[in-house]
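Each chain, letter by letter, is given below.
Protein chains: 2
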Amino acid sequence: MGEKWVLMKTAQTPTNIAVIKYWGKRDETLILPVNDSISVTLDPAHLCTTTTVAVSPAFQQDRMWLNGKEISLSGGRYQNCLREIRKRAREVEDKERGIKIEKKDWAKLHLHIASYNNFPTAAGLASSAAGFACLVFALAKLMNVSEDESQLSAIARQGSGSACRSLFGGFVKWIMGKEDDGSDSLAVQLVDEKHWEDLFIIIAVVSSRQKETSSTSGMRESVETSSLLQHRAKEVVPKRTIQMEEAIQNRDFASFAKLACADSNQFHAVCLDTLPPIFYMNDTSHRIISYVEKCNRSEGTPQVAYTFDAGPNAVLIARDRKAAAQLIQRLLFYFPPKSDTDLDSYLLGDKTILKDAGLEGLKDVEALSPPPENGSAQKYPGDVSYFICTRPGKGPILLSNDKLALLDPETGLPK
Amino acid sequence: MGEKWVLMKTAQTPTNIAVIKYWGKRDETLILPVNDSISVTLDPAHLCTTTTVAVSPAFQQDRMWLNGKEISLSGGRYQNCLREIRKRAREVEDKERGIKIEKKDWAKLHLHIASYNNFPTAAGLASSAAGFACLVFALAKLMNVSEDESQLSAIARQGSGSACRSLFGGFVKWIMGKEDDGSDSLAVQLVDEKHWEDLFIIIAVVSSRQKETSSTSGMRESVETSSLLQHRAKEVVPKRTIQMEEAIQNRDFASFAKLACADSNQFHAVCLDTLPPIFYMNDTSHRIISYVEKCNRSEGTPQVAYTFDAGPNAVLIARDRKAAAQLIQRLLFYFPPKSDTDLDSYLLGDKTILKDAGLEGLKDVEALSPPPENGSAQKYPGDVSYFICTRPGKGPILLSNDKLALLDPETGLPK
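Chains as they are written, first to last, in this note's numbering: chain A, 4 to 418; chain B, 4 to 418.
Don't read these hints as lab results, they were simulated from the structure.
Among the hints, erroneous ones may be present.
Identical copies look the same in the list; a pair holds intra-copy or inter-copy alike.
As the list claims (entries may be wrong) - No more than 20 Å apart at the CA atoms, straight line, and that leaves these computed lysine to aspartate or glutamate pairs for DMTMM-like:
id	residue 1	residue 2
1	Lys406	Glu227
2	Lys397	Glu182
3	Lys397	Glu248
4	Lys261	Glu224
5	Lys341	Asp183
6	Lys382	Asp65
7	Lys197	Glu224
8	Lys366	Asp195
9	Lys106	Glu296
10	Lys242	Glu227
11	Lys397	Glu105
Values in this document were obtained by computation on a predicted structure and should not be read as measured data.
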């Protein structure tokens, strides 16, 4: 078949949300963190990146398309990932199609990459984590790389720190490591997604008029100027990480919630202690925290944990479906959709929770009573853009259905 | 004249704003802090408390009126101040009126106290600091107490921690002290109000719908739950206090601004690190910080320092009148008065700055151009309730003009 063949693989990789936060690098290029972090992987059915990688002797250069638009691969982070994965490439043979790529050929062959997020890239939902994890995972499959997920995570880490945690499902720990070359700074799975199946997750995508500080420059400024960051990294997080691992192992939601909330707040405290200060949370984020704290106090034991990344969106982890149903009632009471929005486009992901909450349509939302713990509560329509309902989910998978590939199998160009 | 006489004194005491923050007590009853703090005293012409204290054998009990309304003196903080000052009372004689009070008489005599703030009590402008300082200062004068201002500050401290810093003008340091009885936890003047006359202060009283956590309960919760507070108190503040004293002595505005802003942000970071987290600043506070940071960066050297106490109000310290005029232009551009508000009731205190800024009326405010560093800036009318323009000011004074007394000289009751 000459030199016209295109060989490709398509993978799907989840996003993750940290419950013990990563904030601050000790090495900017290798992306080595100042402390361990722990995350929960989100169900890829609701939030994931799909990436198709292709190789062909016909390709003239490495090219990449993100959400249908070509982007540059010249940045150091892409280059580091491509270089590291190419180093580990092995012989690949497709006997049926008569294709054989020798180990040494990989250095000369060019790649086409197409990636797509099933959620808004700009919404601050860790798209780069899923993206780099998916890129590295898909390339590893294409190149027949023998390294396991942990070893791959150390490569994905060089694209985006939090990407290393998207190589596994369930709960994942990013071990900061000690080596200067970063070889021991990688992710391990603590428990898989079946270990704690009760948990239910609601993400409030918060409307924001502010342009946010990127997490890369934000954490650099924190490392340089915050007098609290090193204390957090050296004294606070190591103890918290051990306690969080225990809470996860024991499915101890009260401890889990206390640690996750405290760590989210401390991360934002360090941002505020940065010069100039960084504000990721806004008044809506603060309100959501106050509602959750009030609700947890009135219930006597935590029903919901909150955590916020480098933006105003709230990730709310409910202890079980019942708590999630009560949570969505409260959230929709405080933050109803604007009059021109229907419930179907306001609540995305796993919509079955609506039925549990007795909410079939907008009329039911309008009829919601104020939460008992906050009788004189004000409503803020429009302050939340939409909600996504999801759960802890599985790690990366290879998609064998060729129809799901994002590149044309003949041309290697986006479909 | 029998037992009908009333003897009284009237004093006026300024508020103060901390530039190195007090947050956290090591002793709740004596009000002993976990770190030193430094404040600037605000001009009492614009923000002050006036207190008249009276004694008469005709009084049946200790009574107090605050802003015209009788309040209870049964609280521990009032009782501690009254007890401590009574202990130090000495013989008082008014030969003209034939009045003589022996030292031992003070234990039996009752007091009437009337206090008035020339600014809204609820606006979060340190009314309790000025209030307790004025109470102690006025009683010390009435009772012929020989203790100096520093020794009096240790009594005022037991009413409200920050009150001890209102016993002096200019820049004041509250030394945390080491003794268990609090005898060495008192205020000293660093420099008087003439030392750094260039400074100009603009307070933005920020509209807020939130009910705020009281600073008393807030700092208790921070001490109990924040893992960053002790690090701040032990490691960060001691160095910062020395640097701040130097900056003040040298009138080094760049260092002063850097330290004041950093310390305000760190105090709010500790609040955020508290469980449950405490939010004193809101989106408007955050916006003001961003504008000041942007402006300072574009000027190359700091023109304005910001500091926020336990509420959303911004206290902005401009390096001189020129910087203050530019600041008020920016502030009125971003936060114009609502259409039903005139400039005269929107900008209180020293209004001469308006002329420097070329702003004679609302038309001039409407005609303001966007600040050069922020060309596409949005306006937020209504997000600031009003501004107060002021300067560093003098310490407590005794008012000799009887017309300014708040109690009737015959009855000892509020006028």
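Here is how each hint holds up against the structure:
Proximity of lysine 406 and glutamate 227 under a CA criterion of 20 Å is satisfied in neither setting, with 48 Å inside one chain copy and 58 Å between copies. In this assembly of identical chains, the alpha carbons of lysine 397 and glutamate 182 never lie at most 20 Å apart, being 29 Å within a copy and 59 Å across copies at closest. Taking the closest pair of Cα atoms, lysine 397 and glutamate 248 come within 20 Å of each other only inside a single copy of the chain (19 Å); across copies the shortest separation is 57 Å, beyond that limit. Only between protomers do lysine 261 and glutamate 224 lie at most 20 Å apart by alpha-carbon distance; the minimum there is 15 Å, versus 28 Å within a single protomer.
In this assembly of identical chains, the alpha carbons of lysine 341 and aspartate 183 never lie at most 20 Å apart, being 52 Å within a copy and 58 Å across copies at closest. Taking the shortest alpha-carbon separations for lysine 382 and aspartate 65, neither the intra-copy value of 51 Å nor the inter-copy value of 46 Å comes in at or below 20 Å. For the identical chains of this complex, lysine 197 and glutamate 224 are neighbours neither inside a copy (38 Å) nor across copies (37 Å), given an alpha-carbon limit of 20 Å. In this assembly of identical chains, the alpha carbons of lysine 366 and aspartate 195 never lie at most 20 Å apart, being 39 Å within a copy and 65 Å across copies at closest.
For the identical chains of this complex, lysine 106 and glutamate 296 are neighbours neither inside a copy (56 Å) nor across copies (54 Å), given an alpha-carbon limit of 20 Å. Taking the closest pair of Cα atoms, lysine 242 and glutamate 227 come within 20 Å of each other only across two copies (17 Å); inside a single copy the shortest separation is 24 Å, beyond that limit. In this assembly of identical chains, the alpha carbons of lysine 397 and glutamate 105 never lie at most 20 Å apart, being 33 Å within a copy and 84 Å across copies at closest.
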